[in-house]
Amino acid sequence: MERHPFSTPIGWRGLFRIISERFLKLRNSRVARRALRNSLLLTGIGLFTFVVLLGIFADFLAITPYDEVQMRHRFEPPSAAFPFGTDNFGRDIFSRVVYGARISLQIGLSVVVLSGISGVIFGTLAGYFPRLDNVIMRVMDALLAFPEIILAIAIAATLGPSTANAIIALAVVYTPRTARVVRASVLVIRQMDYVTAAICAGATDMRILRRHVFPNTMAPLVVQLTFIFAYAVIAEAVLSFLGIGAVPPTPTWGNIIAEGRNYIREATWISLFPGLAIGITVLGLNLLGDGLRDVLDPRMKVRHG
Amino acid sequence: MTSETNTPLLEISDLVKHFTVRRRGGLWTSTATVKAVDGVSLNIDNGETLGLVGESGCGKSTVGKLIMRLSSLTGGRIVFDGRDVSHLGRSEMRPIRREMQMIFQDPVSALNPRMSVEEIVGEPLAIHDSRNHREHGAKIRKLLSTVGLANSHAHRFPHEFSGGQRQRIGIARALATQPKLIVCDEAVSALDVSIQAQIINLLQDLQEEFRLTYLFISHDLSVVRHISDRIAVMYLGRIVEIAEKKTLFAKPLHPYTQALLSSVPIPRPGARKERIVLAGDVPSPINPPSGCSFRTRCVKAMDVCAKIAPRLQHTPTGDLVSCHAVELSKQ
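Heads up: the protein sequence lines correspond to chains G and B, in order.
Under the numbering used here, residues 15 to 319 are what the first sequence spells out, in order.
Under the numbering used here, residues 231 to 561 are what the second sequence spells out, in order.
For reference, chain G alone in the conformation it holds in the complex:
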């Protein structure tokens, strides 16, 4: 069974297997085996990793600074010097898109962390303590009643344009989603015999939540958070397109598209490349989320959206 990793061409799948077996010690895990057979998941991981690497190595990839104005090179189509062309100020679109990846991923990750934490808190309280259930979930329903993007715009516009405010707005908007997912699994877990056994053993609520409930809500939560990452990337682009996200000249995919909007007929590349970047990121995340759902819990067939 064991092949030497370098004796034969191994391909992506082999590489993933080596990573998961040698480095993550997942040799016996059914999850890892299912993951390696899931080509959609592997594609998603690949696409998303690619974007993350772009963001991490932005400083090395973008040779021209993203805010360097070169008036001699305005509206230049993609070329060897400017792979994605230049904009109306002669700024390098490639540099801007690569740095935009960093901003988008930072915002996406922050939203995922914040809405994940608040979702776990509210969802756990609602699911575990029946008295709090109605109060918390009706507030969440009220938040869900608004179209997400409209609510995000409203909150971000009220707080004023800045990256931090965009993150807060999006975290508030996506909290009901995570809270509902967490609550649903807490309701199921609470009925499990191992929770009863823990009560019989004299465990406190805190211990039960920490040791029994929380670890078992992780699988559906991680799946949901992957989708929220994707939504947050889109929503952030919308916010900065409308001018209520990160403030220019900080490049984000949304405000690059917004700036290119006026020249879309003559200089399509300005808006095209950040648009493609959004597309690749969201596609990667959605494939990742779908794949994770299949891998982590094959019985979990709840559609998102």
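For the record, the hints were derived by calculation from the structure and aren't laboratory data.
Glycine included, C-beta positions come from ideal geometry on N, C-alpha and C.
Warning: the hint list may mix true and false statements.
Pairwise CB distance ranges (calculated) [said to hold, decoys possible]: (1) Phe160(G) <-> Ser514(B): 52 to 58 Å; (2) Val251(B) <-> Leu310(G): 32 to 38 Å; (3) Gly378(B) <-> Arg48(G): 27 to 33 Å; (4) Ser286(B) <-> Phe160(G): 43 to 49 Å; (5) Leu310(G) <-> Ser419(B): 28 to 34 Å; (6) Pro325(B) <-> Asn148(G): 30 to 36 Å.
Output of the computed footprint for chain G on chain B, the stretches with three or more beta carbons under 8 Å from beta carbons of chain G [as the list claims (entries may be wrong)]: (7) 326 to 339; (8) 353 to 362.
Given the coordinates of chain G, assemble chain B onto it according to the supplied hints.
Leaving out everything else, chain B in the frame of chain G:
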């Protein structure tokens, strides 16, 4: 050793548990009361095994849960080891929980899939004995070998085990705090017959070794017959008969017990026996029949059965039965 041999380890009297259910009907939702347990009294002596049998939905599992104080009681009293535990709060219950543990029916849901065997078996120790956590490793290994598992199993996770092995892990967890009473709620019902025998033998060995007292809740009469000293038969939230195993199987007094016993197949080809087949379904516990709750299906039902609910009466052999027909024939 401290308690005298003639005081029972567990005494329950007039245990009542009502659940309120909502019924949606048109514009308004009305509430109804389900009398899941409706006046159950029984004693369990130190070191004995009491089998609790009955159809599904008769409230036998609820009795187990009430004894473990997993849900609050509507009425009645539970005295465990000389102490009234019926209304103790959660933190007051904690030290008592060492003494009473539970084994569950479904070995899949009884073990947290994210915890290793070591963590599962060690959890009661971590709660009750957190000061000596250095000795826990040795204790866990000892528990595992007691229930027939290997040391190497300690770091594995529940999904790596078979149903019988998982049940052994659950038993090891129940033994961790050296309890006096173990409530086995359908503990072998989810297992294959061959595995059932192993687990029952294990339970019997453990009882001998640790002087355990069992409340063995099951719907399976042959299993209960094998393991129990005495057997209590429940019907619709009430106990209809409690008797020594031998007398119950040889001479069942209550008509329901008679019907129940006649439903057990005899594992011998060509064997014939008279079967009492009960007519109708179990009445709803929301609205049980007046008087004796079994009268709607009873072959010996009389006028008095509809009026007066029979009480548990001592029989000449010292057992208990609640039936007007039995009382009459006795006189």
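Okay, the hints, checked on the actual structure:
no., hint, result
1, Phe160(G) <-> Ser514(B): 52 to 58 Å, "45 Å, violated"
2, Val251(B) <-> Leu310(G): 32 to 38 Å, "35 Å, holds"
3, Gly378(B) <-> Arg48(G): 27 to 33 Å, "32 Å, holds"
4, Ser286(B) <-> Phe160(G): 43 to 49 Å, "47 Å, holds"
5, Leu310(G) <-> Ser419(B): 28 to 34 Å, "30 Å, holds"
6, Pro325(B) <-> Asn148(G): 30 to 36 Å, "35 Å, holds"
7, 326 to 339, "holds (count 9)"
8, 353 to 362, "holds (count 4)"
Violated hint: 1 only; the structure is consistent with all others.
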